[in-house]
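S.K.: Okay, here's what each chain looks like letter by letter:
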Amino acid sequence: MLDYLKKDRWSPYIVGVLLALLSVYCFYFLHHTLGTSTAFVRLAALFWYWFDVEHLEGNSYYMSYLAKEGWINWQSALVFGVFLGSGLAKRLSKPDKQDFVPKIWKDRFGDSYIKRAVGTFLGGVIILFGARFAGGCTSGHIISGGMQLAISGWLFMIGLFGLGVPSAYLIYKAKKAR
Amino acid sequence: MEIPIFSGWSDLFTGLFAGVVFGFLLQKGSVTRFSTIVNQLLLHDFTVMKVMLTAIAVGGSMIYGLQYLGSDVELNISSTTLFSSLFGGAVFGVGMVVMGYCPGTGVAALADGAKDMWFGFIGMIVGAALYAELFPLIQNTLKPASQLVKTTLPEYFGVSPWVFLILVWSAVVILVFLDRKAASVKSGEVMA
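In the order they appear, the protein sequences are chains Y and S.
For the first sequence, numbering that gives the first Met the number 0 gives the first residue as 0, with consecutive numbering after it.
For the second sequence, numbering that gives the first Met the number 0 gives the first residue as 0, with consecutive numbering after it.
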């Protein structure tokens, strides 16, 4: 068992099964669904709390989330746990450095750290905006929603791949790095 | 207005524990890598789809199986309109291409050594903030309340959930089959 925990890569099918078990457990026994995007709403709210409380209090979107479950709720704890769990998994695997600039990005945009930092940042802005617009992210919509056969989850997935796949080709396969 | 600090100790502990398991699985599933995510969107590497579809097939079977056996736990579906799911998903997809992770795998990637993801982390907070600022505008123009939908596929089409679950299972079986085929071609057992 310990050997398996120390393996570098698990079969995606096994990961899928275990994720399903985790998800269903949380659903039935904890009455919570897996999700991560509202944790970022809370972090944004925290920023305003520190720099401009009145702005925060005047924004009904933030206040609706905070009033219901406060600053740290199940999902925020979950997201923090994800960080810890991933770190634990990594500790148990062979040490393996990830490049700051991933290869696929480098092939297209060159190896400038600044370019990658800006790109990652912009990607983050877009992704969370999209997540909140849709009311969920891959965990919330695709996994939790998908397994309940929610139409919203499946539409989210269609939208994701529908625009994501052509964008991936346009962005990364347009032309090779000079 | 009094804002509670947190929603309770049990939420804190169970959430944390669930998160640790979740993050552990994501790292071991190697979906905490830029290449895994982007290669899925380039349709070169189907790891992400294998994880997602297997989870949906197994989880869905458990949920609907338990419902069939008489469990009366209500489904918990985020309320959203058809347009927001589709459009939000599309925007999300573009962000995923550029960032190279999704929010969950991104946080996991931070612990997996993806230093560029720290900028993504900040970006995601900014993205949430941007949405919160634009929310009143969006709510009034792009999200007509009449379209609000919380339906499931079986409810909408009026058929048994198993129709859809069988489709998802079929997709998983096909992926497994293609994997086996690719593996046997690689090991030289079968002529390509």
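Hints listed in this document are in silico derivations from the structure and should not be mistaken for laboratory results.
Beta carbons: idealized from backbone N, C-alpha and C, even for Gly.
The reader is advised that the hints may include incorrect statements.
[As the list claims (entries may be wrong)] Okay, the calculated bits of chain Y under chain S, using three or more residues with CB under 8 angstroms as the criterion:
id	region
1	41-53
2	70-80
3	95-101
4	105-111
5	123-129
6	137-150
7	153-167
[Stated by the list, open to error] The calculated lysine-lysine pairs, modelled on BS3-like cross-linking and capped at a C-alpha distance of 25 angstroms, are:
id	chain 1	residue 1	chain 2	residue 2
8	Y	K96	Y	K6
9	S	K185	Y	K6
10	Y	K67	Y	K114
11	Y	K6	Y	K105
12	Y	K172	S	K114
13	Y	K5	Y	K93
14	Y	K6	S	K149
15	Y	K93	S	K114
16	S	K114	Y	K96
17	S	K114	Y	K102
18	Y	K67	S	K185
19	S	K180	Y	K6
20	Y	K102	Y	K172
21	Y	K114	S	K114
22	Y	K102	Y	K114
23	Y	K96	Y	K5
24	Y	K96	Y	K114
25	S	K149	Y	K105
26	Y	K172	Y	K105
27	Y	K6	Y	K102
28	S	K149	Y	K5
S.K.: Residue count check for the region 153-167 of chain Y against chain S: does it reach three with CB-CB under 8 angstroms?
M.R.: holds (count 14)
S.K.: Quick one: see if chain S covers the region 137-150 of chain Y, three-plus residues with Cβ-Cβ under 8 angstroms.
M.R.: With 14 residues closer than 8 angstroms to chain S, the region 137-150 of chain Y meets the three-residue bar; holds.
S.K.: Has the given pair, K102 of chain Y with K114 of chain Y, been kept, meaning a C-alpha gap of at most 25 angstroms?
M.R.: holds, 13 angstroms
S.K.: Has the given pair, K96 of chain Y with K6 of chain Y, been kept, meaning a C-alpha gap of at most 25 angstroms?
M.R.: holds, 16 angstroms
S.K.: Holds or violated: K149 of chain S and K5 of chain Y, Cα atoms, limit 25 angstroms.
M.R.: violated, 41 angstroms
S.K.: Given the hint that K96 of chain Y pairs with K114 of chain Y, does the C-alpha gap stay at or below 25 angstroms?
M.R.: holds, 20 angstroms
S.K.: Quickly compare the C-alpha distance for K114 of chain S and K96 of chain Y to 25 angstroms and report which way the hint goes.
M.R.: holds, 10 angstroms
S.K.: For the pair supplied as a hint, K93 of chain Y and K114 of chain S, is the alpha-carbon distance within the 25 angstroms limit?
M.R.: Holds, because 18 angstroms separates the two Cα atoms, which is no more than 25 angstroms.
S.K.: Would you check chain S against the region 70-80 of chain Y, counting CB to CB pairs closer than 8 angstroms, and say if three or more residues qualify?
M.R.: Satisfied; 11 residues make the cut.
S.K.: Holds or violated: K114 of chain S with K102 of chain Y, Cα cutoff 25 angstroms?
M.R.: holds, 14 angstroms
S.K.: Are K102 of chain Y and K172 of chain Y close enough, with their CA atoms no more than 25 angstroms apart?
M.R.: Distance ~13 angstroms between K102 of chain Y and K172 of chain Y Cα, so the pair holds.
S.K.: Against the 25 angstroms threshold, does the CA-CA distance of K149 of chain S and K105 of chain Y hold or violate the hint?
M.R.: violated, 42 angstroms
Going through the hint list in order, the structure does not satisfy hints 4, 10, 11, 14, 18, 25 and 28.
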